[in-house]
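> Protein chains in written order, with my numbering: chain A, 23 to 642; chain B, 17 to 101.
No lab work stands behind these hints, which were simulated from the structure alone.
Heads up, a few of these hints could be off.
[Stated by the list, open to error] The calculated SDA-like cross-link candidates involving lysine to any residue, where the alpha carbons are at most 25 Å apart (straight line), are:
| id | chain 1 | residue 1 | chain 2 | residue 2 |
| --- | --- | --- | --- | --- |
| 1 | B | 74 | A | 400 |
| 2 | B | 82 | A | 232 |
| 3 | A | 488 | B | 35 |
| 4 | A | 72 | A | 225 |
| 5 | B | 101 | A | 535 |
| 6 | B | 74 | A | 61 |
| 7 | A | 540 | B | 20 |
| 8 | A | 540 | B | 82 |
| 9 | A | 491 | B | 30 |
| 10 | A | 39 | B | 20 |
| 11 | B | 82 | A | 65 |
| 12 | B | 82 | A | 61 |
| 13 | B | 69 | A | 536 |
| 14 | A | 488 | B | 36 |
| 15 | A | 540 | B | 48 |
| 16 | A | 457 | B | 17 |
| 17 | B | 82 | A | 281 |
Here the structure is a predicted model, which means the values were calculated and not measured.
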Amino acid sequence: MIVITGYGIVSAIGVGKAETLDALRHHRSGIAPVQYLDTVHRDMLVGEVKLSFDELMARVGVPSDAEAPQSRTALIGRLALREALQQAGLTSPDDYATMALLSGTTVGGMDRTEIEASVSADGTIEHYNYDCGTSTLDIAHGFGQFAFVDTISTACSSAANAIAMGIEMVRQGLFERVVAGGSEGLSRLHLNGFNTLMILDSEPCRPFDAHRNGINLGEGAAYLVIESEASALRRGVRPLAVLSGYGNACDAYHQTASSPEGEGAVLAMQQALADAGLQPSDIAYINCHGTGTPNNDVSELCALHRVFGPQLPPFSSTKGFTGHTTSASGSIEAAFCLLALEHHFLPVNLNFRDPITPDSSSTPDIPVLPSAGDQVLPPLRGNEGVICNAFAFGGNDTSLILAPYHPAPSSAQAEPSSPNIPKNPLISLNIPKRKIFLLASTELSPDIDPNFRDYLSPLESRRLDKLLKRTVACSLQTLRQCPEVVPDAIITATVWGSAISAITFFHDMMRQGEAFLKPTLFMQSTHNTMSSLIAIQTHNHGYNVTHSQLDDSLPHAFLDAWLQMQSGRIRSALVGIHDSIPAFDNRSYLLCTADALPPDCHPLAELVFNPSSRIFECHS
Amino acid sequence: MTELLETLKQQVIDALNLEDLTPEDIDVDAPLFGEGLGLDSIDALELIMILEKEYGIKHQSPAQGKEIFKSIRTMAEFIQANRTK
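Model the full assembly from the supplied sequences, consistent with the hints where possible.
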């Protein structure tokens, strides 16, 4: 059993669980006009953490003359991480040295980049730095050395996917304890980016309301300490709740729009239910993604209807409190679910007035009434739990199931604290390993482009930047070598993401100001654009995750594939690295387990995972 | 009007990166979305940007765009009636 022993949260409605709970119970929204971000859009409504940069530095305890510059993302991340670790009783560097830190972010330290970037005489921008992985290291920096640090960057489902990976790491015995979540500070880049998509509401967002008109952006961070029940009991720490399942699927429909029927969301929720061994009727509450855009909410409602039928449990979106905290939303809303479970209330769906009128062409005829007012969440029995949804650009959809912890009558005695437990975090050595084979691989030359017309129609390729075109070509070259194997997962590594689009958007914003920016560039700027693009091009609804951790990005993508294969959730995966800085780097690999090996197929190599170094060794 | 139609074609080609097309390839009455050029919601946002940047037309809602962006001709007619520059 995977339990949660601590959690920390920072958002527009407060720093820490106590302030957050008070705001949720008293329906106090944190959405207000821009106060801290340096932007021309002063009237825009956002969910900022109500602390200036200097106040955040003071709260964290970083001297203002500290050498390492800190971004808002790093500072609010540290606040949330500290609260989580402290509650779990993990307060010394020795504790961290045996733990993994998994953090979701997409914007990373962009707010700092915007402050430091200066336009030189020839128009080039200096100091475009603070990639996602560095931002996570900045968060970790205040705590000492974690045994393992990874950044998951799947846009708005990043933190949820970090938690999902944490669950699997503990299940597969790589670590007994993991702290996972996400952090994202508001930046001019993504405020303007969402503005170009014309999905920012000038009024407080109204998720699931008939007159909803878009999102309010927010910022924040939350982390969960995830560990095995045995580990928690051995340490004498009371489990707060159970993480009983997760699902990750790709909508594979469009880079910015959800499919009308919510296919990715349906698959994610169904997988999570199956993983937890639950029926839809066991779910007592759903914290929806519910952004307040016309598209998301109707698509998510359709998905809810498909999964739960007419017996839809109470559901709400809490984005009326915090705004859309993008990469952090999955862990922030998981923390809301934990507060709801502990204090027996249903978080209200602020600003909901009129139900969406069913439109026979696209919306099913369902009672559309998100929970409103003070409703009680009765104590849950048995395996009953709540679902937390986080969906993202590219259709990266993830669902988590959280449940109250019911101690087994004998479990307290069954796991006596033992002085003989080794300190080594690797407890997996006795888990039988599945054989994994390398079936196909491609490495594109950095200097020579393939003929993109072999892989993309003119309509498909016209707005893709060169990195994206090379990514599709490289991936399809690999898949075409072994057409019998359709990958169950697409796992991508990238340090800089779609840097060509992101940096062009950034340059335009710095040079010409916050107007007339191109939505096409922003839509392609997220790190998971590549992974979801491969999924869209190949109609692949499987597991889809992007890792961005400097030189460790590709090893971590392989590790993720190993975890998923060990769990039995997937039998094959397309793993790749795609970057354009400092030079083009496009490599992709098709892997499968022994039971998925096509007949008469001669694998290129066997990949043997070394749990000590946590990397693959290639045995040809 | 003819001049505006030609300018607009080139602006659409540039904004949407329709690299394989020349202005002569575009029928001013052909639908831009769906079976015509096959544009989508992101392209609509780029078209809105053309109206704002090149013709000074503030355009608030993508939903309004449906009628305006039917074809190059409907777009040109809208521009002629509403342009501020």
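> Hint by hint, note whether the structure agrees.
Okay, the hints, checked on the actual structure:
1. For the proposed pair residue 74 of chain B and residue 400 of chain A, the alpha carbon gap of about 50 Å is over 25 Å, so the pair is violated.
2. With a CA separation close to 20 Å, the supplied pair residue 82 of chain B and residue 232 of chain A stays within the 25 Å bound.
3. Distance hint between residue 488 of chain A and residue 35 of chain B is fulfilled; the C-alpha atoms sit about 14 Å from each other, no more than 25 Å.
4. This hinted pair checks out: residue 72 of chain A and residue 225 of chain A have alpha carbons roughly 19 Å apart, not beyond 25 Å.
5. The hinted pair formed by residue 101 of chain B and residue 535 of chain A meets the criterion: a straight-line CA distance of about 20 Å does not exceed 25 Å.
6. With a CA separation close to 20 Å, the supplied pair residue 74 of chain B and residue 61 of chain A stays within the 25 Å bound.
7. Proposed proximity of residue 540 of chain A and residue 20 of chain B is supported: the alpha carbons are some 23 Å apart, at most 25 Å.
8. Taking the CA atoms of residue 540 of chain A and residue 82 of chain B, the gap is about 20 Å. The hint holds against a cut of 25 Å.
9. For the proposed pair residue 491 of chain A and residue 30 of chain B, the alpha carbon gap of about 19 Å is at most 25 Å, so the pair holds.
10. For the proposed pair residue 39 of chain A and residue 20 of chain B, the alpha carbon gap of about 59 Å is over 25 Å, so the pair is violated.
11. Proposed proximity of residue 82 of chain B and residue 65 of chain A is contradicted: the alpha carbons are some 28 Å apart, above 25 Å.
12. Annotation: proposed proximity of residue 82 of chain B to residue 61 of chain A is violated, straight-line Cα distance about 31 Å (limit 25 Å).
13. Restraint check for residue 69 of chain B and residue 536 of chain A: the C-alpha separation of about 13 Å stays at or below 25 Å, so the hint holds.
14. With a CA separation close to 16 Å, the supplied pair residue 488 of chain A and residue 36 of chain B stays within the 25 Å bound.
15. Taking the CA atoms of residue 540 of chain A and residue 48 of chain B, the gap is about 19 Å. The hint holds against a cut of 25 Å.
16. At most 25 Å may separate the alpha-carbon atoms for a hinted pair to count; residue 457 of chain A and residue 17 of chain B exceed this at roughly 68 Å.
17. Annotation: proposed proximity of residue 82 of chain B to residue 281 of chain A holds, straight-line Cα distance about 20 Å (limit 25 Å).
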